[in-house]
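Engineer: With chain A's structure known, arrange chain B on it following the hints.
Protein chains in written order, with the working numbering: chain A, 9 to 94; chain B, 6 to 355.
Treat the hints as calculated values from the structure; they're not laboratory data.
Quantities reported herein were computed from a predicted structural model and do not represent experimental measurements.
Some hints here could point you the wrong way.
[What the hints assert, rightly or not] Short derived list, chain B residues pointing at chain A, Cβ under 8 Å:
| id | residue |
| --- | --- |
| 1 | 234 |
| 2 | 238 |
| 3 | 242 |
| 4 | 250 |
| 5 | 251 |
| 6 | 252 |
| 7 | 256 |
| 8 | 328 |
All C-beta atoms, glycine included, are put in the ideal place defined by N, C-alpha and C.
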Amino acid sequence: MKLKKNIATSESGFIFNPATGDSFSGNAMASYILLAIKNGEDEASIKQNILQKYEVGPEQLDRDWEDWIVQLKEANLLELGTYDGK
Amino acid sequence: MTANKYDLCIGVTGLNANDNPGPGVAVIRALKEGLGISVKIIGLSYESLEPGVYMHYLVNKTYQVPYPTAGTESLIERIRHIHKKEGLNMIIPNFDAELFNFIKIAPLLKKMGIKTLLPSIEQLLIRDKVNLAEFGRQNNFDVPADHKLLTEADLKTAAEELNFPLVIKGKFYGATVAYTLNAALNAFHEVGAAWGYPVIAQKYIKGTEINIAGLGNGKGNNISIVPMRKLYITDKGKAWAGVTIEDPALMKLANSFAKATNWNGPYEMEVIKDSEDRLFILEINPRFPAWIYLAAAAGQNQPVSLVKMAMDEEVIPFNEYHAGKLFIRHSWDHVVDISEFQQFSAFGEL
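One chain only, chain A, in its complex shape (with noise of 0.2 Å):
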């Protein structure tokens, strides 16, 4: 899983895709994925991250972050076919 190209993030958790004009908000949580994701770190890796430093349970975080991913691609944030959604 791959962010596009120059999408800038903040530690605030604030996202601006220069290519669009598009901004976002996004939470504590989602600042600390972006910053995972742009360091290259991999989906499962982040996901282990997670598990260990919150309470909740995998099959929930599987649900959180499907519907994460789905955030970001209706926001046109990912490369394309960079993730399958397994």
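Structural biologist: Relative to the frame of chain A, chain B by itself:
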């Protein structure tokens, strides 16, 4: 060059920084920022209440000039008077409606020592709203279908073919999105009375509004291209806030335009990006846009480049700018003494 402390004296029109702003004040701001105190700005104003007339921190002196409808004779006569007193090196016209006259008198201005950098009459006409759809067809640009309207019957025919909503546009300015025949008829009469005929009915395209500020070198290339996405749009369709964006498709579009026309000077391309990422050209304005200071703030000072080009200096094309620069326009009550208004109204100089 003028025989005083200034290196350059530049006349600028379009000082109407109101809710439907002319580009003049933004152009001057960019010039002042890029050229510093060595530039003297002479405002050229049509009306006494153009705010730029009273912005003495930007405009050194302003002269009233005759409306474009008065013709080239009275314009040149007025400029001759101003030139004698101020020693103009260059004029930057910023209104669509005045460009025809300025292009016509450009050779005479040159003889007087006043430079301009303008498109040709042919270039001006090719992108005219009346000719834009044909220009698009000939050069493979996506332009919304349109109809030229002279009568109410023309409007009814256009509505049948293009369906509602329709965009009703004036020859020079003004655009209204009409959702019913009655609304379209009202807009047709209103726009026609203000700007003359034909009025244009353009097919409405839903999508993201993007404007591109470009500066063509007259040889098929651009010196500068800065695209801006509108973030806040007024009821007159003007950007009240916007952000610079970077999209190779927009650069390609602007470069194709420069190549197709050999455009000389500034232009603004108004574009809609639809849900399938198709870029429709809605208008091409033959001048700087009112938001041109954003281009300067993003790293490409087009007004300064225009001046350098006009002065025959070598200008290297820009190749980068800062995407994500945001502008937010605002209202400001500028207070001056009535005597200034009186002076300008009575004597045409301030």
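Engineer: Each hint: holds or not?
Structural biologist: A quick look at each hint next to the structure:
no., hint, in the structure
1, 234, "3 Å, holds"
2, 238, "13 Å, violated"
3, 242, "17 Å, violated"
4, 250, "4 Å, holds"
5, 251, "5 Å, holds"
6, 252, "5 Å, holds"
7, 256, "11 Å, violated"
8, 328, "4 Å, holds"
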